[in-house]
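These protein sequence lines are chains D and V, in that order.
Residue 1 is where the first sequence starts when you use UniProt numbering, and the numbers rise one by one after that.
Residue 1 is where the second sequence starts when you use UniProt numbering, and the numbers rise one by one after that.
Derived from the structure by calculation, the hints contain no laboratory data.
Computed from a prediction, not measured in an experiment: that's the story for all the values here.
Hints should not be assumed to be uniformly reliable.
Copies of the same chain are indistinguishable here, so a pair counts whether it falls within one copy or spans any two.
Unchecked claim - Derived DSBU-like pairs (lysine-lysine); straight-line CA-CA distance at most 30 Å: (1) Lys309 to Lys382; (2) Lys309 to Lys164; (3) Lys291 to Lys196; (4) Lys48 to Lys76; (5) Lys382 to Lys292; (6) Lys76 to Lys363; (7) Lys196 to Lys317; (8) Lys90 to Lys13.
Protein chains: 2
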Amino acid sequence: MNFEFSNRISGVKASAIREILKMMNDPEIISFGGGNPASETFPVEQLKRISDDIFNTCPNSILEYGITEGDGSFKKAAIEFLSRHETVVKDYDGVMVTSGSQQIMDFLSKCLCNEGDLVVCENPSFLGALNAFKSNGAKLVGIDMEDDGINLEQLEAVLSGVQKPKFIYLIPNFQNPTGITTSLEKRQAIYTLAKKYQVLILEDNPYGDLRFRNDAIPSIKSLDDEGLVVYAASFSKIIAPGMRVAVMIGHQDLLAKCTVAKQTNDVHTNAWAQSVMARFLNETDMEVHLKKLQAVYEQKCNLMLEEMKKQFSPDCKWTIPDGGMFIWVTLPERIDMPEFVKRAVEHKVAVVPGNAFYDDDNKPCQSFRMNFSTPTNEQIIKGVAILGALMHD
Amino acid sequence: MNFEFSNRISGVKASAIREILKMMNDPEIISFGGGNPASETFPVEQLKRISDDIFNTCPNSILEYGITEGDGSFKKAAIEFLSRHETVVKDYDGVMVTSGSQQIMDFLSKCLCNEGDLVVCENPSFLGALNAFKSNGAKLVGIDMEDDGINLEQLEAVLSGVQKPKFIYLIPNFQNPTGITTSLEKRQAIYTLAKKYQVLILEDNPYGDLRFRNDAIPSIKSLDDEGLVVYAASFSKIIAPGMRVAVMIGHQDLLAKCTVAKQTNDVHTNAWAQSVMARFLNETDMEVHLKKLQAVYEQKCNLMLEEMKKQFSPDCKWTIPDGGMFIWVTLPERIDMPEFVKRAVEHKVAVVPGNAFYDDDNKPCQSFRMNFSTPTNEQIIKGVAILGALMHD
């Protein structure tokens, strides 16, 4: 049997990162390649106690079918948590629980994009989102990243073009893969442009609560007053990713269509995960919980940065993130990046080649992504030393 | 903001059934409308004990990211369970865990269908599947159901047409919504036609283990020797639907593409659900467990059939299922079906109007679907009496 695949899925390759994740099972590999949260931050005891209590008091609530939009108690708790510093749920908004925020990328592009429609993204950006957009027929238009967010001239050139993009995909806080935070000025300017050209924004904020330096910056969603911004809030990085729970917030007309997409995909998100998270949010002093996480990420990030300063070649550059999980390293021209990454793996250190994150992964690229949340301190010290030695070879 | 939706999602309406499910929250309504398994069959104590034990011994295995294809231990346990009577996993097959079998409908049609491509379905068929196919651009071609499965002449006419369909969607056991079981002869004939015209079959088997009458019939998948059949096995009806776990089995080349679709959708299925189910399958005498379920379903089905015989008008017809959860009732021409269903709801009994299950829901239809797994015995007796009275009005 010779299978003929649809046009929209044909061009999407298996994620380079998830292939690297499989390699992580090699216990000898020091992986800076993944994007896993630090497992020592998982609130195991609390989740266990809550789960047990739910089984004792209302087991059917987690075992029977639920509704597509999500468990009411979880939605309420999540909205309260997400609204504690700013208004991300507007009067005109709908809210839907999804099985991880990856589903938000898939459902939004499925509902909005015909084949050949444009989606604007940061260049580089999160590979999983780019693949979701492509798998729904979208054509990616990457906008260069600068130290404070995307280049505004390039953005306006695209928005004012003949073919109006369907939406702009942004990760304003400690972006994946660069670790860059978009400044308030740029968030405002981007929103103004989106409004001027009436193009939607998908604001992805998986890392916002993992800030360990400098002050929080308002989300673009909080600036919105006409339903232009869809907001993706993940609980993977602040509770646990294996539970696969996120929340999609956006104009109710748009959310109604995305609810149909979810109905035809997984009907509803795992009911146990929603119930346990609802209770966790309600019973936990989240500020204390987040401070603990932030301290872990800060320590790991700073250790990695210090070691890089000691070990990496001085003609190598890297970002200094205010939070999140990633550092973006750019090699000098004298070093061939793909060759460097290959040699690193041979020396048992995994990083992700930067070209994987671009709208066109065949473009020449001198950068790679390093993750600091997953490795131990010992692995950070040893792995950075190995990478540093390879730069000096 | 005026949202412009993609062509493929525009025509898909919110599921009529899921709207009815919301109505079920009205405690006065007797619902024969849903498709929920009987909650008294959920193995609560076992699931609780296993869940607790996993939290105690290996919490990170359920809290950290997993791999897209699914948890190895669950896949192994599931394959062993599904293979106990027949060979559904062939040498050339791949296996992927999905978040409910609804995802299999979505991923397969996403990977195979361009806009306007044909998908053949039983007429009537499972609404969630039909919507998933439509949401990926497929055009449905319904084949009339007969007492022993679809009409073969109609099927061959479609398969031999100018536009070759991408696949044939079938629920051979106790079909949703009709309760009809496709005979072995028809399964063989359908497979022979699929082979002759080289068209894939998606065999959906959510209810197979809920057989309480007559002997099991081999799956079409077990007859396949060249990778033409994709098999959807759900654990929603035999363990618990809120956990959202199913298994997709099909040719490895096809599964590799569907893995990409899942990667860009929810990355992987909830890890807790997979781990708990793996242990449940390994530790449980599944034949004993299934016998218990079958006895519950048999009792409820027989009670409903007996009450219908007593209460329904003699010019009314219905199917007698060998298992599953549904009975398909056809009203005489003198009764207007949509009007009847509306009056039933006014009298606090919910059933699903049959037209919802057709490739074209505007076609005139005299049938409705009744579910016997969710209501209590008292509700069955009372609800059937109310419906009966309405027939005699």
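Are there hints from earlier that the structure breaks, and if so, what are their numbers? Per hint list: 2, 3, 6, 7 violated.
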